[in-house]
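One point on numbering: in the working numbering, the residue at position 32 of the sequence shown is 32, and numbering is uninterrupted.
Everything labelled a hint here was simulated from the structure, so no lab data went into it. Please read these numbers as outputs of a predicted model, since none were measured by experiment. Ideal placement from N, C-alpha and C gives every residue a C-beta, glycine not left out. Don't take every hint at face value.
[What the hints assert, rightly or not] Now the in silico label distances, taken between C-beta atoms and shown as ranges:
1) Ile111 x Gly138: 31 to 37 Å
2) Ile58 x Ala99: 27 to 33 Å
3) Gln37 x Gly131: 36 to 42 Å
4) Met1 x Ala59: 31 to 37 Å
5) Thr94 x Gln52: 33 to 39 Å
6) Arg129 x Ala59: 16 to 22 Å
7) Ile58 x Asn133: 15 to 21 Å
8) Thr20 x Val41: 31 to 37 Å
9) Tyr61 x Asp114: 15 to 21 Å
10) Gln37 x Tyr61: 33 to 39 Å
11) Arg125 x Ser66: 33 to 39 Å
12) Ser57 x Asp21: 36 to 42 Å
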Amino acid sequence: MITYFDTSAFIKLIINEIGTDEVESYWDEGGDVASCQLIVVESTAALVRARQSDRISIATYNSSISLLDNLYARLMIVNIDENLLADACDVTKTEKLRAYDAVHLASALKIGADIFASADADLCRAANRQGLNIFNPGMN
C-alpha cells in the first residue's frame, strides 16, 4: 500500500498540531510513503515561517530541520519532469487547483497511490474525484 503525503499532512510529523497523532499512526503503519520533490522545499518554508512567527524556538527549528531530513529520506520521491508537469496542468484544468496542489495530485496519480494524505479539504475532494482514497488528518 502506498500513502502519498502532501505537505499539509507531512508537516504534522514535524510540527505538533491538530492531526499530528493521526498522521504519525499512518506513517508508522509500515506501508510505503511517498511524495514529490516539492515536499522538502514546502516543508522547509513552513518551518522558516514557524520560526519567524515565534511558533517554534531556534532549538526546535534546528531539530525540526534534522527531522525533516530523516523523514524525507524515508519517502519514495516522485521526480518532477515534463510529463508530470503536463499531468499537473491537466489536473489543474479539471479540478481548478493551485499549482503545487496539482503537482502533488498528479504525482500521487502517477505512482498509483492507494491513499492521498492531505489536510487541505479542497485538495482531498479533488483527489477523491480522481479516484483516490483520502486521509485528511483532523477530519477522519
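So, going through the hints one by one against the coordinates:
The hint said 31 to 37 Å for the Cβ distance between Ile111 and Gly138, and at roughly 25 Å that hint is violated. Checked against the given bound of 27 to 33 Å, the beta carbons of Ile58 and Ala99, roughly 32 Å apart, stay inside it. Taking 36 to 42 Å as the suggested C-beta distance range, the pair Gln37 and Gly131 does not conform, at roughly 23 Å. Here the CB-CB span from Met1 to Ala59 is close to 36 Å, well matched to the stated 31 to 37 Å.
In this structure the supplied range 33 to 39 Å holds for Thr94 paired with Gln52, their Cβ-Cβ distance being about 36 Å. Taking the beta carbon of each, Arg129 and Ala59 are about 42 Å apart, not inside 16 to 22 Å as hinted. Checked against the given bound of 15 to 21 Å, the beta carbons of Ile58 and Asn133, roughly 39 Å apart, lie outside it. As the Cβ distance of Thr20 to Val41 is approximately 21 Å, the hint placing it in 31 to 37 Å is violated.
The beta-carbon spacing between Tyr61 and Asp114, approximately 33 Å, falls outside the hinted interval of 15 to 21 Å. The beta-carbon spacing between Gln37 and Tyr61, approximately 22 Å, falls outside the hinted interval of 33 to 39 Å. About 34 Å separates the C-beta atoms of Arg125 and Ser66, a value consistent with the hinted range of 33 to 39 Å. At roughly 22 Å, the beta carbons of Ser57 and Asp21 sit outside the given window of 36 to 42 Å.
Violated hints, in rising order: 1, 3, 6, 7, 8, 9, 10 and 12; the structure is consistent with all others.
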